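Asks: If you want the building blocks of each chain, they are given just below.
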Amino acid sequence: MEFVVISLLNGITYGLLLFMLSSGLTLIFSMMGILNFAHASFYMLGAYFAYQISTWIGFWPGLLVAPLLVGAVGAAVERYGLRRAHRFGHVAELLFTFGLAFLVEEIVHLIWGKVAVDYRIPEELDGTLFSLFDTDFPIYKGFMMLISVGMLVALYALLTRTRIGLIIQAALTKPDMVEALGHNVPRIFMLVFGGGTALAGLAGVIGGNAFVTEPGMAAAVGSIVFVVVVVGGLGSLGGAFVASLLIGCIQTFSVAMTLSITDVFAVVGIALPEGSQVARLTITQLAPVLPYMLMVAILIFRPRGLMGARES
Amino acid sequence: MNSVIFPRGRLLLWGGGLALAIALPLLFKSGFMVSLLCQMGIMVVFALSYNMLLGQTGLLSFGHAVYYGLGAFITMHTLNLIGKDGSPLLVALLPLVGGLAGMLAGVVLGYVTTKKAGTTFAMISLGIGELVAACALMFPGFFGGEGGVSGNRVIGKESFLGFTWGPQVEMYGLIVLWAFLATVAMFALTQTPLGRMANAVRDNPERAEFVGYDTQRVRYLMLILSGLFAGIAGGLTALNYEIVTAETLNAHTSGVVLLMTFVGGIGFFYGPIIGAILITVMQIVIGGLTHAWLLYFGLFFLFMVLMAPGGIASLIAVQHKLWQAGLLGRMLPHYLATALPTLVLLAGLVGLIEMGYALLAGEGVGAGDTATKVMGMEMQLNAPGPWAAALGVAALGLALTRWIGGRTRVAWNATLSTLHGDKA
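Residue numbers (my numbering), protein chains in the order written: chain F, 1 to 312; chain B, 313 to 736.
Be aware that one or more of the hints could be misleading.
Pulled from the structure, derived: some chain F residues nowhere near chain B, Cβ distances all over 10 Å [claimed, not checked]:
| # | residue |
| --- | --- |
| 1 | P61 |
| 2 | A75 |
| 3 | L100 |
| 4 | H109 |
| 5 | A116 |
| 6 | E124 |
| 7 | G127 |
| 8 | F137 |
| 9 | K174 |
| 10 | S223 |
| 11 | S254 |
| 12 | M257 |
| 13 | L281 |
Some but not every residue of chain B turned toward chain F, in silico, with C-beta under 7 Å [unchecked claim]:
| # | residue |
| --- | --- |
| 14 | E442 |
| 15 | A446 |
| 16 | F574 |
| 17 | L606 |
| 18 | L607 |
| 19 | L614 |
| 20 | L618 |
| 21 | Y647 |
| 22 | L658 |
| 23 | G660 |
| 24 | V662 |
| 25 | L664 |
| 26 | G668 |
Hint data in this document are derived by calculation from the structure and do not stem from the laboratory. Note that this is a predicted model, so its numbers are computed, not measured. Ideal Cβ positions, reconstructed from N, Cα and C, are used throughout, including at glycine.
Let the hints inform the model, and build the full structure from the sequences given.
Replies: Structure follows, in structure tokens:
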């Protein structure tokens, strides 16, 4: 029971963080039709910017400034890079973001070095929020949840309750018509790209100190975010939400499970032959592969994802 | 028939290429050069096999290293299995084992991945790539864990026609032989009905289906064949380095082959050859000179995507057309005029990047306090002098490039319109 509740809480915290990344990626995909390979790089930039700001003026200003900076960088990338690559088609756009991810990692190497930086949780948030069955739940995880949920509500309100949100929604499906009505669609694209990358930056700010801020963090999270977006269904925000929580929980549960494959089959009543390498694998060892297995299974049996509407 | 597929010019080109490949190690005898050439030959096959997917069938794969890596591992295990009973002739045939392994992997994995084209294919290939790479760390028995699997390519007592494959030069000969055979086979494939249908499926899948072809089947076949050649490249790597690590099948290797192929040009058969050779040289030569080589590589790649999405091969093709129309002479002075300020701009940028690296990623904290060696010059990096100089050079280069580049663009557009005007 203790294991289930604690893992569930951890899973939801991680899942919400994943959703901050995947929501931006999904919005950008449904608007421009490209998967932004560099999305996790903006997450990394968020963490590093926040670290740099926290060494100068503290964590709290960084929480606000770093995502805005990342968003500005994202908007500039869209305006001066992607828009140009767009003329050469989807493959060029995809490759542009691919190259960008490569470049961002190198620039991070150049500026902050190849080892992890000491980006810490602020003292005010360092402590125990409550104890459940002898396990402490840190304040910072609660804070992460708070920020994620707050962001989620704000995003929902922005998209459905404001004028700009309605225009964005319209531009998602009928960009030509929206342009004909006198809106500047390229600028909307730039805003959405900037907004999506700012969300990724925010995730980096609160995730960078909860985990570790190092040059490999973009690659580590990047492919998981892709899994989330594909499992949820390309272009579906609701799907991305469900898939984020699902993958978050799968990751945290599987890491903590010490059962081996033999034990799992024994539960169903099948005895595996002893000694083979596969049979001795534990669920923990399988943990890094599970999201990809889920993704491949989804793509085979339900290519449009859990909640995706379009068949791509 | 023969004269259509193998006209004299093409035969001459292929023969010349082969002769050059054989002559190079005779001209440059250094060990460094020979191992560089070996790496090139392997990468040429790998990049060409990748272009069978991206260029010819329109499938953007992010997991091509899977076939390359599996081919390499199976080759290495077979090499160790035949052990002392083998002969150099068997070793020479081993890349074929790697190819069959890559092909088999294509048969199994391709069935899943090629159901869909476009973004879905790209995503599944990424997922499968990550899956296999993660598996490599889970099964140390087969993949050798962190240390990889190693072997010895010199086996048996007698030699085969005087070859034991021990010296690097003999290995190079084997690589050239396999690379040439694979290249000819891959080129011949583009001339077959399957190769043509792959192009049709790339350009207009709906229409290809109306004509009566199963697009999924065409994609599947192309992926299997591409796996075959990637596996051959993998087998050659295994023999060449005598060690295979899990790195051969991870996302980085998949990324590098994608970059190589794209930079070379996906629209032409010879594009990936140029890309593979160029990037390998850059990797080894520039990588040996500076720590910042990946940064230069990233910048170069983005520059290519934005400025010349057709790759180097398309640039060559355009010049060739101009030359045929007798217009190249008109453009040459402009090219030369643009090259000079571009070099100035590059010098400034390289200076900035190198000083940045020396200061930040260099000898740790306080690296700039004493005079630091950057590009062979002693510099005081905490003083503003060198920075101002590099910035000035870069700014001057940028201004000049914009000015002269603008004039070149005007001339370029005029020449192009003449070229197209002549045609019409």
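Asks: Now tell me if each hint is right for this structure.
Replies: Now for the hints, and whether the structure bears them out:
1. P61 (chain F), annotated as away from the interface, keeps every beta carbon of chain B farther than 10 Å; the closest lies near 24 Å.
2. For A75 (chain F), the shortest C-beta to C-beta distance to chain B comes to about 17 Å, beyond the 10 Å cut-off, and the non-interface label holds.
3. Not every Cβ of chain B is farther than 10 Å from the Cβ of L100 (chain F); the closest lies at roughly 7 Å, contradicting the non-interface assignment.
4. The claim that H109 (chain F) lies off the interface is violated: its Cβ sits roughly 6 Å from the closest Cβ of chain B, which falls inside the 10 Å cut-off.
5. The Cβ of A116 (chain F) sits about 15 Å from the closest Cβ of chain B, beyond the 10 Å cut-off, so the non-interface label holds.
6. Interface exclusion of E124 (chain F) from chain B stands, the closest Cβ pair being 29 Å apart, more than 10 Å.
7. With a minimum CB-CB distance of about 32 Å to chain B, G127 (chain F) clears the 10 Å threshold, and the non-interface call stands.
8. Every CB of chain B lies more than 10 Å from the CB of F137 (chain F), the least distance being 30 Å, so the non-interface label holds.
9. Interface exclusion of K174 (chain F) from chain B stands, the closest Cβ pair being 21 Å apart, more than 10 Å.
10. Some Cβ of chain B comes within 10 Å of the Cβ of S223 (chain F); the nearest lies about 5 Å off, and the non-interface call is violated.
11. Every CB of chain B lies more than 10 Å from the CB of S254 (chain F), the least distance being 13 Å, so the non-interface label holds.
12. In this structure M257 (chain F) is separated from chain B by more than 10 Å, as the shortest Cβ-Cβ distance comes to about 15 Å.
13. A cut-off of 10 Å between C-beta atoms contradicts the statement that L281 (chain F) is not in contact with chain B; the least separation is 6 Å.
14. Interface restraint check for E442 (chain B): the shortest CB-CB distance to chain F comes to about 5 Å, inside 7 Å, so the restraint holds.
15. Among the interface hints, the one on A446 (chain B) holds; its C-beta lies about 5 Å from the nearest C-beta in chain F, closer than the 7 Å criterion.
16. A distance limit of 7 Å between C-beta atoms decides the matter here; for F574 (chain B) the minimum to chain F is near 6 Å, and the interface restraint holds.
17. About 5 Å separates the beta-carbon of L606 (chain B) from the nearest beta-carbon of chain F, less than 7 Å, and the hint is met.
18. The interface hint given for L607 (chain B) is met, as the beta carbon of that residue sits about 4 Å from the closest beta carbon of chain F, less than 7 Å.
19. The beta carbon of L614 (chain B) is positioned within 7 Å of a beta carbon in chain F (closest approach about 5 Å), and the interface hint is therefore held.
20. Taken as an interface hint, L618 (chain B) checks out: its beta carbon lies about 5 Å from the nearest beta carbon of chain F, inside 7 Å.
21. Hint status for Y647 (chain B): violated, given a least beta-carbon distance of 23 Å to chain F, over 7 Å.
22. Violation of the interface hint for L658 (chain B) is found here, the shortest Cβ-Cβ separation to chain F being roughly 17 Å, above the 7 Å cut-off.
23. Given the 7 Å rule on beta carbons, the hint for G660 (chain B) is violated: about 17 Å separates it from the nearest Cβ of chain F.
24. Checking V662 (chain B) against chain F by beta carbon gives a least distance of about 13 Å; that is not within 7 Å, so the hint is violated.
25. Taking 7 Å as the C-beta contact cut-off toward chain F, the hint placing L664 (chain B) at the interface is violated, the least distance being around 11 Å.
26. With a cut of 7 Å, the hint placing G668 (chain B) at the interface with chain F holds, because the nearest CB-to-CB distance is about 6 Å.
Going through the hint list in order, the structure does not satisfy hints 3, 4, 10, 13, 21, 22, 23, 24, 25.
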